[in-house]
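Heads up: the sequence lines are chains G and P, in that order. Just so you know, we're using our numbering here: the first sequence kicks off at 6 and counts up by one. Just so you know, we're using our numbering here: the second sequence kicks off at 1385 and counts up by one.
Treat the hints with caution; some may be incorrect.
Label pairs and their calculated CB-CB ranges [stated by the list, open to error]:
| hint | chain 1 | residue 1 | chain 2 | residue 2 | range |
| --- | --- | --- | --- | --- | --- |
| 1 | P | Thr1669 | G | Phe47 | 45 to 53 Å |
| 2 | P | Gly1518 | G | Ala121 | 30 to 38 Å |
| 3 | P | Tyr1656 | G | Pro128 | 49 to 57 Å |
| 4 | G | Pro101 | P | Glu1751 | 58 to 66 Å |
| 5 | P | Leu1604 | G | Arg19 | 33 to 41 Å |
| 6 | G | Ser30 | P | Thr1697 | 55 to 63 Å |
| 7 | G | Phe73 | P | Met1597 | 21 to 29 Å |
| 8 | P | Tyr1490 | G | Gly162 | 15 to 23 Å |
| 9 | G | Gln39 | P | Leu1604 | 51 to 59 Å |
| 10 | G | Met126 | P | Arg1663 | 46 to 54 Å |
| 11 | G | Thr161 | P | Ala1638 | 45 to 53 Å |
| 12 | G | Gly162 | P | Leu1421 | 47 to 55 Å |
| 13 | G | Thr161 | P | Leu1695 | 39 to 47 Å |
With a cut-off of at most 35 Å between alpha-carbon atoms, the simulated DSBU-like pairs for lysine-lysine come out as follows [said to hold, decoys possible]:
| hint | chain 1 | residue 1 | chain 2 | residue 2 |
| --- | --- | --- | --- | --- |
| 14 | P | Lys1666 | G | Lys42 |
| 15 | G | Lys80 | G | Lys10 |
| 16 | G | Lys10 | G | Lys174 |
| 17 | P | Lys1748 | P | Lys1666 |
| 18 | P | Lys1748 | G | Lys174 |
| 19 | P | Lys1748 | P | Lys1668 |
| 20 | G | Lys80 | P | Lys1748 |
| 21 | G | Lys80 | G | Lys42 |
| 22 | G | Lys10 | G | Lys42 |
| 23 | P | Lys1666 | G | Lys10 |
Taking beta-carbon pairs under 8 Å as the criterion, some of the chain P residues facing chain G (in silico) [to be verified]:
| hint | residue |
| --- | --- |
| 24 | Ala1388 |
| 25 | Leu1696 |
| 26 | Gln1699 |
| 27 | Leu1734 |
Hints in this document: simulated from the structure, not taken from any laboratory. Glycine included, every Cβ here is placed at the ideal spot set by N, Cα and C.
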Amino acid sequence: MTDFKTLDVRPILRSGGEPFQAIMSAVEDLKPGQGLKLLAPFRPQPLFSVMDRRGFGYELEELSGGEFEVRFVPKQDVTPVDVSPDAASPDLWPDPSVDLDLTDLDPPEPMVELLAQAERMEPGEVIFAVLSREPVFLYPELTERGHQWVGNFDATGTTYRIMIRVGPKAPSP
Amino acid sequence: MPGASISRWTLSYFAASLVFLILGQVLLAAGFGYPVLPVEAPETLVIVHLIAVGWLGFLFCGALLQFVPVLAATPLRWPGLAAPALILLIAGLLLLCCGFLRLAGYVDHGPVLLPAGATLLAAGFGLIAAMIGGTLLRAETMSLSARFVGLGLLSLVATALLGFAFALELSGLVDIEQLHTLLPGGISLHAFFGLVGWMSVSAFGVSYRLLTMFLLSPELERRTTRMVLALVASSIAAAGVIALALSFGRDAAASIYLPILLAAGAGLVFGYDVATIYRARKRKTLELNSMTSAMAVGALMLAILLSLLLLLTGQLEDRIGALLYLITFGWLSLLELGQLYKIVAFMTWLECYGPVLGRRPVPKVQELVCESRGSAWFYLYVVAVAAAVVALLLGATSAFQVAALAQTIAAIGLSIELVRTRHLFYVHAGQDEPEAKRPPPLFLPGSLERSSHR
């Protein structure tokens, strides 16, 4: 089941605004595997090819009054999701309590930052972070410390999104 | 599970390669082979193989064992083969060099030395190819960088096979018609597959990934990068066809210019890509390894221009020594020395501080090195290589030996810096945290069990 984030652009259009920017920033904030549910007063035809390039297919549903609900669904094969071996059903994880943008940090600083953040949190809490690289050296360290993780590149292939679920407290070394 | 960790034997490969670099450079400075003796003298072959196989070859093997799992985001295939491969490679190289010394008349006996050495080397490189190739094949997707490394592996196999064939022929132990016809024209192919097909092409692939990572530059699959890949692939394929033609007795030696020109074109487009990556970087101040990489790519561009110039003026054969020296020491060695400086610091940092990251303050990776000292040695090295190439072009043998001596001193200085990084020499530990300065083993693998660190 795809989890959807909802964006209603009808108020923006009613007030004469341009919703494109809002839609794109909503897309960038999507978590791995998450879809976007868009409510619009018309059929947003130009958006379909834009979203297709970003790795989303769509389902269209006409609402009453000529309005439309569009569900943009991530195409799974475009960006395979990396999952830690013990990450059972990430769909059921709680919403992230921390959002981190680590795209501008020099490697390996993002790794230090994420591990330090995980130490500060309670077991079961979830971190969401965006990085500019796939953190391959972080995975074994997370697994070693009992944290679970799931991550993938966004459809443009330039940003890596990761969710980490903090594991049970280990005795400090 | 995706992810990569420290490759246990990589630092042993690095240590062995530095020993062979210094050994080869001492011999160059001492006037053991070229340019005091002819390029094709057995003494020169000793130095060429110490540098090409011992220094660059072992270094590339060690670096790929660490790097390919990162590239493929999957653990190394058959990691247990790394140690036997290194033993085979070192033993093979030493026997091979003894075989060349026999050709030079230093040793009377042992026609079997050359083929025995070549057999062990081929076996060692075969194990490496299996590990790297197996890891690449296990990856879910083949990135462009991985494709370069894959093409490089094919060339490594071709280099080893040709070398093995020459060793049989030169030993005089066998009398095979194909080998007689292969040897005269095949030497340049052997060098081409080794220096260009394997090492330069792997260096292209690794550079695309590492440069974007160290410079915080967008990692895009550019059309020009695909062009580089297509050019090197056709260059390697052309060289393969020529090798087959030679062994069937066709006179194809002159057509070696085709793969060289294709590779030169690939090198120029690669230079353009590197310039693009540097221009698009987010990190404004360049670290030492990014400076040396830029200089190495500059040396590659100079080498391509020099080769075209020599080709057009008909002097390629007379000046081939200077050109190969520039490619070996200016492009490949400088690039690898710079990355070695960075990779050793990162691996040491991860090994020492990985288990406690986030739990207590740890030094930054940059605090494991002293860039001002490192850069002094690198600048000495660059000036020495430039002087050596000019001396070779002018035929000034004594000046070349002085330059080679300076280069040796720079290599020793850099090796000492690497040892200091491993010893955490530059890390200032707090009084209350003595364990912050417990260095890992110098070049042998640490304990397998992470729990023993805790």
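Outcome of the hint check:
no.	hint	verdict
1	P:Thr1669 <-> G:Phe47: 45 to 53 Å	holds (50 Å)
2	P:Gly1518 <-> G:Ala121: 30 to 38 Å	holds (36 Å)
3	P:Tyr1656 <-> G:Pro128: 49 to 57 Å	holds (51 Å)
4	G:Pro101 <-> P:Glu1751: 58 to 66 Å	violated (32 Å)
5	P:Leu1604 <-> G:Arg19: 33 to 41 Å	holds (39 Å)
6	G:Ser30 <-> P:Thr1697: 55 to 63 Å	holds (60 Å)
7	G:Phe73 <-> P:Met1597: 21 to 29 Å	violated (43 Å)
8	P:Tyr1490 <-> G:Gly162: 15 to 23 Å	violated (57 Å)
9	G:Gln39 <-> P:Leu1604: 51 to 59 Å	violated (24 Å)
10	G:Met126 <-> P:Arg1663: 46 to 54 Å	violated (40 Å)
11	G:Thr161 <-> P:Ala1638: 45 to 53 Å	holds (48 Å)
12	G:Gly162 <-> P:Leu1421: 47 to 55 Å	holds (53 Å)
13	G:Thr161 <-> P:Leu1695: 39 to 47 Å	holds (43 Å)
14	P:Lys1666 <-> G:Lys42	holds (34 Å)
15	G:Lys80 <-> G:Lys10	holds (16 Å)
16	G:Lys10 <-> G:Lys174	holds (32 Å)
17	P:Lys1748 <-> P:Lys1666	holds (19 Å)
18	P:Lys1748 <-> G:Lys174	holds (26 Å)
19	P:Lys1748 <-> P:Lys1668	holds (18 Å)
20	G:Lys80 <-> P:Lys1748	violated (39 Å)
21	G:Lys80 <-> G:Lys42	holds (15 Å)
22	G:Lys10 <-> G:Lys42	holds (6 Å)
23	P:Lys1666 <-> G:Lys10	holds (31 Å)
24	Ala1388	holds (4 Å)
25	Leu1696	violated (42 Å)
26	Gln1699	violated (45 Å)
27	Leu1734	holds (6 Å)
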